[in-house]
Amino acid sequence: MSTTRKRVYGYLAEFKSASALYKAAEQVRDAGFRKWDCHSPYPIHGLDGAMGIKRSILPWFVFFGGMTGLATGFFLAYITQVQIYPTVVQSKPTNIFTVPAFFPPMFELTILFSGFTVLFGLLALIKLPRLNHPLFASRQFHRATDDAFFIAIEARDPKFSPDGTRSLLEEAGGSNIELIEEED
Amino acid sequence: MASHFVTSADIPADGERLQNATASKIKTVSGGLCALLSLVSAVLLFFAPESVKAPFAYSWLFAFFFFFTLAIGGIFWTLLHNVSNSGWGTAVRRVMENLGSVFPWICLFAIPLLCPAVQKYLYEWMNTHREAAAIDGISTFEANPKSLFGFYGSEAMKAWFYENHHALLKYKAWYMNLFAWYTRMIFYFVSMTLVIRGLRKLSVAQDTDPNPGTKRLFQARFHSTYTFILFAITITFAAFDLLMGLDFKWFSTMWGVYLFAGSALNSMAVIIITVALLHQAGYMKRVVSPEHFHIKGKLLLAFTIFWAYIAFSQFFLIWYANITEETSYFLIRNTGGWNTANIFLVFGHFVVPFVILLQAWLKRNPKMLSLMAVYMLVMHVVDLYIIVIPERSVSLMNMLPETFGHVTTAIPGAFWGDLLAFVTIGSGFVFFFLRALGSNNLYPNRDPRILESANVSN
Chain F
1 MSTTRKRVYG YLAEFKSASA LYKAAEQVRD AGFRKWDCHS PYPIHGLDGA MGIKRSILPW
61 FVFFGGMTGL ATGFFLAYIT QVQIYPTVVQ SKPTNIFTVP AFFPPMFELT ILFSGFTVLF
121 GLLALIKLPR LNHPLFASRQ FHRATDDAFF IAIEARDPKF SPDGTRSLLE EAGGSNIELI
181 EEED
Chain E
1 MASHFVTSAD IPADGERLQN ATASKIKTVS GGLCALLSLV SAVLLFFAPE SVKAPFAYSW
61 LFAFFFFFTL AIGGIFWTLL HNVSNSGWGT AVRRVMENLG SVFPWICLFA IPLLCPAVQK
121 YLYEWMNTHR EAAAIDGIST FEANPKSLFG FYGSEAMKAW FYENHHALLK YKAWYMNLFA
181 WYTRMIFYFV SMTLVIRGLR KLSVAQDTDP NPGTKRLFQA RFHSTYTFIL FAITITFAAF
241 DLLMGLDFKW FSTMWGVYLF AGSALNSMAV IIITVALLHQ AGYMKRVVSP EHFHIKGKLL
301 LAFTIFWAYI AFSQFFLIWY ANITEETSYF LIRNTGGWNT ANIFLVFGHF VVPFVILLQA
361 WLKRNPKMLS LMAVYMLVMH VVDLYIIVIP ERSVSLMNML PETFGHVTTA IPGAFWGDLL
421 AFVTIGSGFV FFFLRALGSN NLYPNRDPRI LESANVSN
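As you go down the protein sequences, you meet chains F and E in turn. Residue numbers for the first sequence follow the working numbering, beginning at 1 and rising by one. Residue numbers for the second sequence follow the working numbering, beginning at 1 and rising by one.
Pulled out of the complex, with its shape left as it was, chain F reads as follows:
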């Protein structure tokens, strides 16, 4: 018998199909849970609505990331090509009206900075990378990438209760309900 202390992570319940998962998600959403998630082998259209997930804040990060890229591209070209070392090509002016020539680097840096903000902003928001996850302790959970649909409700949700949450998952059609514990 192990002597390490364990902490309850939450309940994991399996559902028969994508539509069963969808309907169960609506019930869990309506019960007012916040800290829970669905696991499916493939994306299910409209599941975010059924889970009541709000729109991500990521687009705003990307917008300002892109703006930073645009400004960087402009000032990089303007300061070097107009201010420090005016470059005259085909007797075109070296002033603010040279800006069409700077559009390609401005465009590219907008895309680059937006791309970086998407990648790193997303990783930060979903808290990746991480070394382990409590759900990996479950013996059935590996089927989430194969042929099973799961809902996991975390114990740190204020609505969580050992009996009430279990019966909610049962009523929603969940089977193989399992209490997941993580090592402290």
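Think of the hints as simulated: they come from the structure by calculation, not from any bench. Any given hint could be a false lead.
Said to hold, decoys possible - Cut-off 30 Å, straight-line C-alpha distance, at most; resulting in silico cross-link-like pairs (DSS-like, lysine-lysine):
(1) E:Lys249 to F:Lys92
(2) F:Lys54 to E:Lys249
(3) F:Lys23 to E:Lys285
(4) E:Lys367 to E:Lys285
Starting from the structure of chain F, add chain E where the hints point.
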């Protein structure tokens, strides 16, 4: 949030038809207005003094091409919907088809542009060609039986162009000649009319089929493939023939794509407004949801970006290369007040709508999205105005110095002609579009994909 799942029981077996008092009133009024103003316009185009009819020819071309892009854009979306095998848009496909079916009617307004009396103010190259044709010995078929219609491509004509300092016209004559020009006009009209009429007929026939299957769906998909090529040829070369030909010295290889970008963008705007109005009037409630507006809003945003990409690329290549024949276009359009209009277009047609349309909530709101669609149409008016009208004072100044020698970048008072032409063809567009919308079901209610479309989620 979780909306009702639409099943076949929700969709009326005989579909929905537009039976709206306001719509029929607007149809009658716009039809009458169009008929009346067409008569006024005809007088102005053919019988008015030269100081009026010459500027009005440009007004007519501007107004015609504006509505031409909207109608042919309807054909584009129909073809794209069929050929991309898409399911989302089946609910709004009939609106696309009806918009496209306005095309043959809009082409009626091009008839003045086929008349030499109007052409002579617009297309200087035609005047030179007609002058050449009038010279004895090279104009008659008997003199040059080997050349087409006794004139085109003949050595005598080439020699005439050379002697009269029209070397450019000599080298461009294989494309820019009257016979080929009229042939192409007929080709545009006939090909696009057959395409949209055929596709709409196929689509409407499904509405009353007691055993609706997938046969017509596959047929429409098949026939949309090769006809897409005809569409691309039409929009590209119609833009060349009618707009680029205003200055025969000038050329831009991006011209066709540029006009196509504006066409696809703004016909999507018309589709959005139409569906939003129908939705508000209580039609299409069961098949059109915010998801459809979201998708159409995305397309509006995508084509706003595409338009800017093409417009900038065209400007950039010409600005960078700095070749005399090419820069004339932007020199004219960056002189005087036109420069302000052009800079306004950069912000008004791209920067502002781009930032606004980025927001997802706005695209899901039919009212807000329609407002943006109206805004895009206004910008398209400005865009086409800058394409056609700056050429007017330059050409007429050279062509008729005794009448227009005093004008600078714009002809005083000619703006009212622009407005008249726009209202004339615009009311015709509204009339024929409403007529098409009322003549069949508002959505393909027996299409195999109608439920897929009604329940779309993105």
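Violated hints, by number in ascending order, as checked against the structure:
2
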